[in-house]
Amino acid sequence: MVADMAAVAASSEGQRERLTSYALLWRLPMPIWQIAFFVIPLLFLIAVSFFIVKNYRVEPGFLPENWTKILGRYIFWKTYGYTFLLATIATIVGTVLAFPAAYALAFKLSESARRWAVFLLIIPFFTSYVVRIFAWMFLLAREGVVNGALGRLGLGPWTMLNTPIGTMVGYMTLTLPLVIILQTFALAGIDQRYVEAAHNLGCGRLRAVFTVVIPLAKVGLVIAALFCFILSFGDFVAPYYLGGSTPPTLPIMIVDQTKSGQQWPRASVIALTMITTLFVIAFLFVTAAYRRRT
Amino acid sequence: MMADRVVGWVLRAYLGLIFVFIFAPIAANIVFSFNSLRFPTIPLGSFTLEWYQMIAGDSNVWQAAQRSIFIALTAAALSTVIGFCTAYTDYRFRFFGKSAYMALSLLPPTIPLVIMGLAMLAWLSRIGLSGTIAAVIIAHTVMCIPFATAVIRLRLNQMDANLEPAAWNLGASEWAAMRTVILPFALPSIVSALCLTAAVSFDEFAVAWFVSGLNKTIPVVILEILQGVIDPRINAIGTGVFVTSITLVVIAQMLFMARSRKPLVVQ
Chain A
1 MVADMAAVAA SSEGQRERLT SYALLWRLPM PIWQIAFFVI PLLFLIAVSF FIVKNYRVEP
61 GFLPENWTKI LGRYIFWKTY GYTFLLATIA TIVGTVLAFP AAYALAFKLS ESARRWAVFL
121 LIIPFFTSYV VRIFAWMFLL AREGVVNGAL GRLGLGPWTM LNTPIGTMVG YMTLTLPLVI
181 ILQTFALAGI DQRYVEAAHN LGCGRLRAVF TVVIPLAKVG LVIAALFCFI LSFGDFVAPY
241 YLGGSTPPTL PIMIVDQTKS GQQWPRASVI ALTMITTLFV IAFLFVTAAY RRRT
Chain B
1 MMADRVVGWV LRAYLGLIFV FIFAPIAANI VFSFNSLRFP TIPLGSFTLE WYQMIAGDSN
61 VWQAAQRSIF IALTAAALST VIGFCTAYTD YRFRFFGKSA YMALSLLPPT IPLVIMGLAM
121 LAWLSRIGLS GTIAAVIIAH TVMCIPFATA VIRLRLNQMD ANLEPAAWNL GASEWAAMRT
181 VILPFALPSI VSALCLTAAV SFDEFAVAWF VSGLNKTIPV VILEILQGVI DPRINAIGTG
241 VFVTSITLVV IAQMLFMARS RKPLVVQ
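If you read the protein sequences in the order shown, they are chains A and B. The numbering used here applies: residue 1 is where the first sequence begins, and numbers increase by one. The numbering used here applies: residue 1 is where the second sequence begins, and numbers increase by one.
Among the clues, some could well be false.
[Stated by the list, open to error] Here are some chain B residues pointing at chain A (derived, C-beta under 10 Å):
(1) D4
(2) P25
(3) A28
(4) P40
(5) T41
(6) S79
(7) F84
(8) P109
(9) G117
(10) R126
(11) W209
(12) L223
(13) T239
(14) L248
(15) V250
[To be verified] Simulated coverage check for chain A against chain B, where a stretch passes if three residues somewhere in it have a Cβ under 8 Å from a Cβ of chain B:
(16) 104-118
(17) 138-146
(18) 258-267
[Claimed, not checked] Pulled a few chain A residues facing chain B out of the computed Cβ check, cut under 8 Å:
(19) Q34
(20) V130
(21) A271
(22) M274
Treat the hints as calculated values from the structure; they're not laboratory data. In this text, a Cβ means the ideal position worked out from N, Cα and C, and glycines have one as well.
Kindly produce the complete structure, drawing on both the sequences and the hints.
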């Protein structure tokens, strides 16, 4: 009883408690699982990147050539640049396309309408991305529904499949729901009185958006953009099935190296390069998000 | 103001267009799964159940569906148990390194799927599990833990922080308080987490493709059919997949939203 009271006092005051078996039982399962099956597999990639492939079998070893061969190739850096460019464009396009929608959700709709819209946006985020990409494959085809509709307007037919446009449609299918949700939360969190004050001081609608709304919601908007970049940079489905995989992207290279020829070591080199890139990008975005305006 | 109203309607119309873009592929799949045309286009052909009959007689698809369901149920149960432990630990205890602890739980969705797939393939084949159903369950549990943790943690946030200490004061042991206070309160979020994680696992295609070997799941079967020509069977399989995962996500969200309106009273 006394121990219980002490625990009450400790937890309500936010101090550290004695580590009991009760506490350990709740605390340990996650780190055990995530270290064994998440951290170690990722760290193991570093080891694999030095392994040797003999007769289509991966064998432990120390072969720096995996690194020098991949990083020394022009085609790798060309692919790297292309992937980075596509992800950057996707981030800009996604942020710009999502913003008016998030703005409408945050400021123009009622509380319950907003809740229902977010409810609907969460659904596609958890429903088969591959099947949705398949739908775009026939919707965007030259004889497909989109060109059929354009034809009635006297436009087209346009070639969208197997072009960067197709890839971009795929990236947006993947990222837009999440980006809109994150932007909506960022905008809805703004204290409306600042915006009203700007209006009262004679600030125009558009100017208020750029000088008051966006700076106030900056952290959330940047985080949304970061997710857009991470998801696009790592996706192999959109560039493969909608972009026609020529030119390839880094995720397509990883799939090719792994699935044909058992080249896990080289695929690991590419994977580690991608993870490093994402770390740097995440660091830059987060720093930018929290930097004070001067 | 007139101008304000116009801007409001333009923004609403734009929002509508964005929703059309987001839901067009799902709607197209369902519509064309009942359409007789071999190549899905407009004008629509006639109504048919041909594609459903085709997959009904395809043992490949059925075996994959059974596997997918088994994997989804197991991964959902495992990740929800682990997610509950993590959420409760975060709610109840304070300790050194807690933000790193929570990061470990929440980070997996930020790792690109191909990299996750490659890492799982390399590690799980090292420990002799690659190509088994267990491999897919292990990988999916890793990817589901963040969602289970988040859903249950948000629910615990809504609990009066004094409820558990009150139970202790009344003489309940920590275990009794867990059983009679925390678990009943968290129950809707636990069911919600089960549904959501089952949907995540059921739809996961990339990591499963890398580690499942011959034990293909439904999304892997779709991915492999996709590499050939446009095959309308995918619309029928896809409609089944959509109905399953949309149902799960809707149930998960209903439970999640219900709690935020009326706070649950502990008996």
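Now the hints, each set against the structure:
no.	hint	in the structure
1	D4	holds, 8 Å
2	P25	holds, 3 Å
3	A28	holds, 4 Å
4	P40	holds, 4 Å
5	T41	holds, 5 Å
6	S79	holds, 9 Å
7	F84	holds, 8 Å
8	P109	holds, 9 Å
9	G117	holds, 8 Å
10	R126	holds, 7 Å
11	W209	holds, 9 Å
12	L223	holds, 6 Å
13	T239	holds, 9 Å
14	L248	holds, 8 Å
15	V250	holds, 7 Å
16	104-118	holds (count 6)
17	138-146	holds (count 6)
18	258-267	holds (count 3)
19	Q34	holds, 5 Å
20	V130	holds, 5 Å
21	A271	holds, 4 Å
22	M274	holds, 6 Å
When the structure is compared with the earlier hints, no violation turns up for any of them.
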